[in-house]
Amino acid sequence: RKEVEQDPGPFNVPEGATVAFNCTYSNSASQSFFWYRQDCRKEPKLLMSVYSSGNEDGRFTAQLNRASQYISLLIRDSKLSDSATYLCVVGKAAGNKLTFGGGTRVLVKP
Amino acid sequence: DGGITQSPKYLFRKEGQNVTLSCEQNLNHDAMYWYRQDPGQGLRLIYYSQIVNDFQKGDIAEGYSVSREKKESFPLTVTSAQKNPTAFYLCASRGEGQNYGYTFGSGTRLTVV
Numbered sequence: 001r002k003e004v005e006q007d008p009g010p011f012n013v014p015e016g017a018t019v020a021f022n023c024t025y026s027n028s029a030s031q032s033f034f035w036y037r038q039d040c041r042k043e044p045k046l047l048m049s050v051y052s053s054g055n056e057d058g059r060f061t062a063q064l065n066r067a068s069q070y071i072s073l074l075i076r077d078s079k080l081s082d083s084a085t086y087l088c089v090v091g092k093a094a095g096n097k098l099t100f101g102g103g104t105r106v107l108v109k110p
Numbered sequence: 001d002g003g004i005t006q007s008p009k010y011l012f013r014k015e016g017q018n019v020t021l022s023c024e025q026n027l028n029h030d031a032m033y034w035y036r037q038d039p040g041q042g043l044r045l046i047y048y049s050q051i052v053n054d055f056q057k058g059d060i061a062e063g064y065s066v067s068r069e070k071k072e073s074f075p076l077t078v079t080s081a082q083k084n085p086t087a088f089y090l091c092a093s094r095g096e097g098q099n100y101g102y103t104f105g106s107g108t109r110l111t112v113v
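Just so you know, the protein sequences line up as chains A and B, in that order. The first sequence begins at 1 in this note's numbering and counts up one residue at a time. The second sequence begins at 1 in this note's numbering and counts up one residue at a time.
If we strip away everything but chain B, and leave its shape as in the complex, we get (with noise of 0.2 Å):
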């Protein structure tokens, strides 16, 4: 069944480390995108990539980076310069065609210890 992966499901950092979130699929779709959620909010953009080997900064992308070398794979990295990471982080693919709406991942909750 094709989908998108997320790993790990739960994920705890300490002080001052750097962690990365990984984001799978086998939709063959060339967008990807990474959100957060905070309890109680909405979903706030952090990056996007429409291709391979691109990407653009959302709304909230100070503290992350992210990577796209493959058009599978879209992995984020949470830095140590993000002052408040504890969320719930989504990663989405979208299809071509304007009717197409965002496949997500089932998400990776962080929580800083």
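Bound-form chain A, shown alone (with noise of 0.2 Å):
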């Protein structure tokens, strides 16, 4: 089993939608938890960290859920400029290394 997993998608998303995807993570002892967006042939942009309590950023909510292991991002209102890949970020202690998932790739169209 991998550490971390993501539905690779493409998520087919409206503009205007909303669209909600998970990642899964496999260690408990995990600490630190980011999304990432990735644009084709960019680096990947830090988008948010996700904290136990669940935070929003304007249209973009990551929420964590330890008990059953996951994270999800919601993004409300979707743009075209949201069309990317979304990276699951999981890590185990400060100042170590972070375990990346796949990506989830979201398609905003017209």
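Misleading hints may appear alongside valid ones.
Unchecked claim - In silico SDA-like cross-links for lysine to any residue, where the CA-CA straight-line distance does not exceed 25 Å: (1) A:Lys2 x B:Ala61; (2) A:Lys92 x B:Lys14; (3) A:Lys92 x B:Thr111; (4) B:Lys14 x B:Thr111; (5) A:Lys97 x B:Leu45; (6) A:Lys97 x B:Gly16.
None of these hints come from the bench; they were simulated from the model. Predicted model only: the values in this text are computed from it and were never measured.
With the hints as a guide, bring both chains together as one complex.
This is the structure:
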């Protein structure tokens, strides 16, 4: 079983709609959780950290479920510019290496 | 502005050649990392360093070497022993604290010709 697993998609989303997807992780000792966004042929960029209580940044909402060992990302009012691959990233401790999921591809269409 | 600089952006290697990819950061981060990404695939860890003069192998270290003589610099050498080096190489650094993610450089795209 992979340490971090994601549905590769693609999720085809009409512009203005809401899309949500999950990521599961296998190591219960994981302490750090992030969502990154990667555009085609570019480097990944930090979208948001995921906190235990859940957090929101504009149209993006991230949730952490420690009991079931997954994190989620919800995008409201999808824009064409939200089309990208979203990477789930998990770490065990501060300063430690992070493990990446394979990414979920989202395509927002007019 | 603080950040990570990778060079070159594109690199072409002949069979049997060693090539070195540069990674420099001015974020004052102790930890630095090298990842490889193949088309349509996730990131795989090659090497990482948590402090100057120390580094560890990642999941796919064979055919690669690194050095960490300065805090700011973490160059990666792709040796002739790496049989399939064509890929997108990403360097990253990470600050202290579990809520810090990686900051990535813009990557080097290596092609064997």
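Hint check:
| no. | hint | in the structure |
| --- | --- | --- |
| 1 | A:Lys2 x B:Ala61 | holds (19 Å) |
| 2 | A:Lys92 x B:Lys14 | violated (39 Å) |
| 3 | A:Lys92 x B:Thr111 | violated (34 Å) |
| 4 | B:Lys14 x B:Thr111 | holds (9 Å) |
| 5 | A:Lys97 x B:Leu45 | holds (9 Å) |
| 6 | A:Lys97 x B:Gly16 | violated (31 Å) |
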